[in-house]
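Colleague: Those sequence lines, one after another, are chains D and X.
For the first sequence, UniProt numbering assigns the number 1 to the initial residue and increments by one for each residue that follows.
For the second sequence, UniProt numbering assigns the number 1 to the initial residue and increments by one for each residue that follows.
Fair warning: there could be bad hints in the mix.
To be verified - When the alpha-carbon atoms are kept at most 25 Å apart in a straight line, the in silico PhoX-like pairs for lysine-lysine are as follows:
1. D/LYS164 x X/LYS272
2. X/LYS6 x D/LYS304
3. D/LYS149 x D/LYS185
4. D/LYS38 x D/LYS48
5. D/LYS200 x X/LYS138
6. D/LYS251 x D/LYS229
7. X/LYS264 x D/LYS304
8. X/LYS272 x X/LYS138
Unchecked claim - Label pairs and their in silico Cβ distance ranges:
9. D/SER341 x X/ASN227: 24 to 34 Å
10. D/SER331 x X/PRO247: 23 to 33 Å
11. D/ASP309 x X/ILE137: 52 to 62 Å
12. D/ARG45 x X/ILE209: 21 to 31 Å
13. D/ALA308 x X/SER74: 49 to 59 Å
I should point out that these hints are in silico values taken from the structure, not numbers from a laboratory.
Each residue gets a CB set at the ideal place from its N, CA and C atoms; glycine is no exception.
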Amino acid sequence: MIANKMNQAESKKSGSLPRPPPSEDISRDDVRAQREAKKLAKVARKNKSFKGKLANPPTSTSENEHPVVPSTAQKSLKTGTTSRALEVKPAEANPSSPSVSIGVSADLLKSDSASSSVIHSLFKPKKGKELAQSNVSKLYPPFYNVGLKVRNNVIRGANSQCVKLLDAIKDYVRCYDVPPGTTFKHGLFADLEGNMKNLKTVCPFSISMSNAVQFLLFYLHDMPDDDGKVIDFKNEILDVIDQYIVEKIEKAVEAIVLYGLEKINDGDKIMVYSITEALMSLLVKAAEDGISYELILIQTRETKVELADLLEKLKKPTSDQTVRVSAVNFSSALYKIRSCSKLLIGGHGLFTNGGVMAQSGSGQLALVADTYNKPVVFLCETFKFCDRSPLDFLPLEEYMPEQFQTEDDFLEPKLIYDVTPSNLVTVVITDIDMLPSNGLAATLRVQEGGTPAKL
Amino acid sequence: MVYESKVQAVVLAAGRGSRMTQLLGTTVPKCLVPVCGNPLVYYPLKSLEAVGFRGKDILVIIQDRDDVRRALLSIADRLGLSGLDILTVPEDSEDFGTAESIRIALSSKKITRDALLISCDTIADIPFRELFDFHEIKESELTTLFVSPLQIPENVKLPGPKSKIKQERDIVGVKPGTNNLVYMASEADCEEEVKLPVSTLKSCPHTKILTGLVDTHVYLIKNSLLNRLLAATSERNFISFKGEFMPFLIQNHFLPDFSEYTFKFYACIEPKYRCVRVNSIPSFALANKSGDWIKDVFLNGVIPKSKCKIARGSKLWGTTLGEQCVVEEKAKLTNVIAMDGVVIKAGATVEGCILSSHSIIGANSVLKECLVGPKYQIPAEGRFTNEQLSVMEEAYFGD
């Protein structure tokens, strides 16, 4: 009768192996299990004494029910313990260490929470902060559109993100109606600022985007108080935005291409990573000018789109096909760099400490190239200059997209950007001139005559 | 500045419930069928209100009936939707369907912006934010929404006759990765085979066919596309938007003669959400039995207390009663769904049945797993099992 009940209890355990019918003697495994369980229970009790009340519930229940199970299964059945005890039995497939150890390890996790939670919180998927209902209606729909696209990586590349945002701002300015009670300038300034704040909750702003918005707000702030027609002001602002785009982005790219062409010679073998608009234009122009160089592309999962773009552009029949292109895996770069003459990387942002922000992996490539004494050339427009000095990617907001694979406990963070320290960078080609990376901050400050206002 | 909504919600509530005639007759239009105490059309309107649509952004297309209009206005009051736009369509022809409703709305210039088409029979936890974001990101012209079907809750038997339950499933073909919609058909339309046109496969060689999803009948469609539809379909007569028009559009847009239209259709697939479409008797029973789920989904939704008279000595178990029901003494109701105005006389035993509005169950009768049609009177001492009892020619019976 007892044996029957025991079998019943065990058959309740989902899918456990059929155990030998229990006799009055407890099997050796059982004894071992009991001993282990007692040991773990002791550890749990010790941890419990550190933790105090908080840890009590999980450990105490597992403690109580667990070691009781194997040996006193019969007793508990006889005495008719609460259904909870019976439930604990079916829950574990193997009545001993596993579940108590899980209880214990939960405690351990809590105890060295200091280290693990920092790492965990770093790589926790950043949920796009939910745009509150009230905020959605206050965010101009084209802004929201741009924000979504940037967040989901539909608009790729700092330049195009900035241009798309500025286009949306132009649209917004055109449709702006001055509310009663404020002047055009003040109203527009406040409203645009509010919109940008809301937009920041939708998607993290890239450096180029923040700089553009900052510039515009600064300009708005400086505009003389209106004693003119609204339409004139609007036109003025639209012109300013257009001028910004032309000067800082389009012409900058052309200038970089001109400087960069000096660095690409016949017979060069160039390794290329982090493809931005400037870099793409440079390579295409070099090909058009008939320089026969060899191109080595580093292919990673994230760069498929840009590489396809670049190849499309290079395929266009310009001069005679003088560019040989090969694509290698990221890990092959270590081998390939030996035969290359230089490493070209497209930059996403520049910092005051000379660090350069580019696609994740460029720091490693720069290190590799430096080891083999190959020049590392970054291409970066000046409007991507950022007034911070991060040592690595962690303080940056946009280093990681919000969706990445997490299979249960296995975190696989997909990093987008990283920072290359200035000592690994040979030269940064900007639209002003070719500069060493740590001289950049000073040069820019002198150029623009003062720091721009912070947003 | 608060910006105007770019999207106008259009609720298609002019349907007659052609697949539920035994339940409805002509007395109850499909949009007013009671589900857990609320008329069916309450649920899509509640979903819209919960996500932030205001009354003037919602257009409801109904039959030209006073009771529908009154019910709609009272629902609008309850939900705080003022300025609800109502369009009536004439209820004349037999083959009247969703496509016709939309066509009439377009020609009377009622749909002015991008439209969010919702059918009145969709009770679902609709992920609007995901749908709208998806639509924006993909720059799509028509976005459909597929979610998981609502499962029958455990230990619940669905009342009603044991008809051959034809699963209303949708067979959907998407391009993996981008979620372009390349094929759409309802299982009911495919008798034995599912046919994929070669033109579809040529343009989309890698197609993923999904059968475990249900189409919520929530479509986000751009205004430009709607107007082109109006023009393009003037020669062909489509009845149902989903059943006929969309498969036509999707399959034919790969053909060369459609190539001047560059349509972009996408399917937003959110299997974490659930939906039940109340367009057949089993799904109606399922919806009524899923009161817990409905309460979870429609937070702050009020399930109104119906004014019923239940006499002493009667036993009710697992029963849903509509408005103004009367249950007399010693009646025994087990697992019954009753609509409005049902009278159950003394001593009747009803098990696993669906009783339509204003039906009368005679004294001491025994009913098992039946479907009683509207205004039907079960004679006293009647014994029926597994039957569909309904009034045949409604026109003859006056009241």
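Colleague: Hint by hint, say whether it matches the structure.
Modeller: Hint check results:
1. With a C-alpha separation of about 33 Å, the suggested pair D/LYS164 and X/LYS272 falls outside the 25 Å cut-off, and the hint is violated.
2. Proximity of X/LYS6 to D/LYS304 is assessed by CA-CA distance (about 34 Å); at most 25 Å being required, the pair is judged violated.
3. Taken as a hint, the D/LYS149 and D/LYS185 pair is broken in the structure, with Cα atoms around 29 Å apart against an allowance of 25 Å.
4. Proposed proximity of D/LYS38 and D/LYS48 is supported: the alpha carbons are some 15 Å apart, at most 25 Å.
5. Pair hint D/LYS200 plus X/LYS138 holds up; C-alpha atoms about 21 Å apart against a cutoff of 25 Å.
6. Using a Cα cut-off of 25 Å, the hinted pair D/LYS251 and D/LYS229 is violated, with the two alpha carbons roughly 32 Å apart.
7. Restraint check for X/LYS264 and D/LYS304: the C-alpha separation of about 23 Å stays at or below 25 Å, so the hint holds.
8. Using a Cα cut-off of 25 Å, the hinted pair X/LYS272 and X/LYS138 holds, with the two alpha carbons roughly 21 Å apart.
9. Range check, D/SER341 to X/ASN227: Cβ separation about 59 Å, and the 24 to 34 Å hint is violated.
10. Between D/SER331 and X/PRO247, the C-beta spacing of about 48 Å breaks the proposed range 23 to 33 Å.
11. Under the hint 52 to 62 Å, the C-beta atoms of D/ASP309 and X/ILE137, about 19 Å apart, miss the expected range.
12. Our hint of 21 to 31 Å for D/ARG45 and X/ILE209 is violated, since their Cβ atoms are close to 56 Å apart.
13. Distance hint check for D/ALA308 and X/SER74: the Cβ-Cβ separation is about 58 Å, which falls inside the suggested range of 49 to 59 Å.
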